[in-house]
Amino acid sequence: MAYTRAVVRELLRYRPPVLMVPYVVKKPFPITDTYTAPKGSMVVPTTYMALRDPEVYENPDVFDPERYYSGDAEVKGAKNYLVFGTGPHYCLGQQYAQLNLALMIGKASLLLDWKHHPTPKSEEIKVFATIFPMDDCPLTFDYRKW
Numbered sequence: 002m003a004y005t006r007a008v009v010r011e012l013l014r015y016r017p018p019v020l021m022v023p024y025v026v027k028k029p030f031p032i033t034d035t036y037t038a039p040k041g042s043m044v045v046p047t048t049y050m051a052l053r054d055p056e057v058y059e060n061p062d063v064f065d066p067e068r069y070y071s072g073d074a075e076v077k078g079a080k081n082y083l084v085f086g087t088g089p090h091y092c093l094g095q096q097y098a099q100l101n102l103a104l105m106i107g108k109a110s111l112l113l114d115w116k117h118h119p120t121p122k123s124e125e126i127k128v129f130a131t132i133f134p135m136d137d138c139p140l141t142f143d144y145r146k147w
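Count along the sequence shown starting at 1, add 1, and that's the number in the numbering used here.
Subject to a maximum C-alpha distance of 30 Å in a straight line, what follows is the list of computed DSBU-like cross-link-like pairs (lysine-lysine):
no.: 1; residue 1: K80; residue 2: K127
no.: 2; residue 1: K127; residue 2: K77
no.: 3; residue 1: K116; residue 2: K127
no.: 4; residue 1: K146; residue 2: K108
no.: 5; residue 1: K27; residue 2: K40
no.: 6; residue 1: K122; residue 2: K108
no.: 7; residue 1: K80; residue 2: K28
no.: 8; residue 1: K116; residue 2: K146
no.: 9; residue 1: K80; residue 2: K40
no.: 10; residue 1: K40; residue 2: K28
no.: 11; residue 1: K27; residue 2: K80
no.: 12; residue 1: K127; residue 2: K108
Here are the simulated distance ranges between beta carbons:
no.: 13; residue 1: P139; residue 2: T35; range: 45 to 55 Å
no.: 14; residue 1: E75; residue 2: N101; range: 18 to 28 Å
no.: 15; residue 1: H117; residue 2: I32; range: 32 to 42 Å
no.: 16; residue 1: V26; residue 2: H117; range: 40 to 50 Å
no.: 17; residue 1: L111; residue 2: G41; range: 46 to 56 Å
no.: 18; residue 1: P139; residue 2: P46; range: 24 to 34 Å
no.: 19; residue 1: V25; residue 2: G107; range: 35 to 45 Å
no.: 20; residue 1: V63; residue 2: P139; range: 14 to 24 Å
no.: 21; residue 1: P119; residue 2: V26; range: 40 to 50 Å
no.: 22; residue 1: D54; residue 2: P119; range: 21 to 31 Å
By construction, these hints were calculated from the structure, which means they are not laboratory data.
Don't be surprised by glycine CBs; every beta carbon is placed ideally from N, CA and C.
Whole structure, please, built from the sequences with the hints as guidance.
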């Protein structure tokens, strides 16, 4: 399952399900040298840029599970892999989510023939709380005949 795990990690890096994490500022919080967010304001940072950092992920706009399978993405990208947050606010369900995704990929691969119908907008994304392909990812599934 090492390669499946690498695919799941890369899938979540390449197309993270959540891009923004809103926080209410509890005390004045410096954003830059010239601006401090006042207490009570809403700060909405994005994780997207950290997951696309070319200093950490070579060819960051390419889906490449090898970076987690035989590469050094786990070590180099440890601070940048913010798919599930970090510190005291990390997602408690991160292991469950990754294992569940691996399970669904494995089960669907065994039981279904997948066919993606790419369009010119397949690689463009739209944002609405999470990201989606512009063409809504047209797929068809047929049960495998054994």
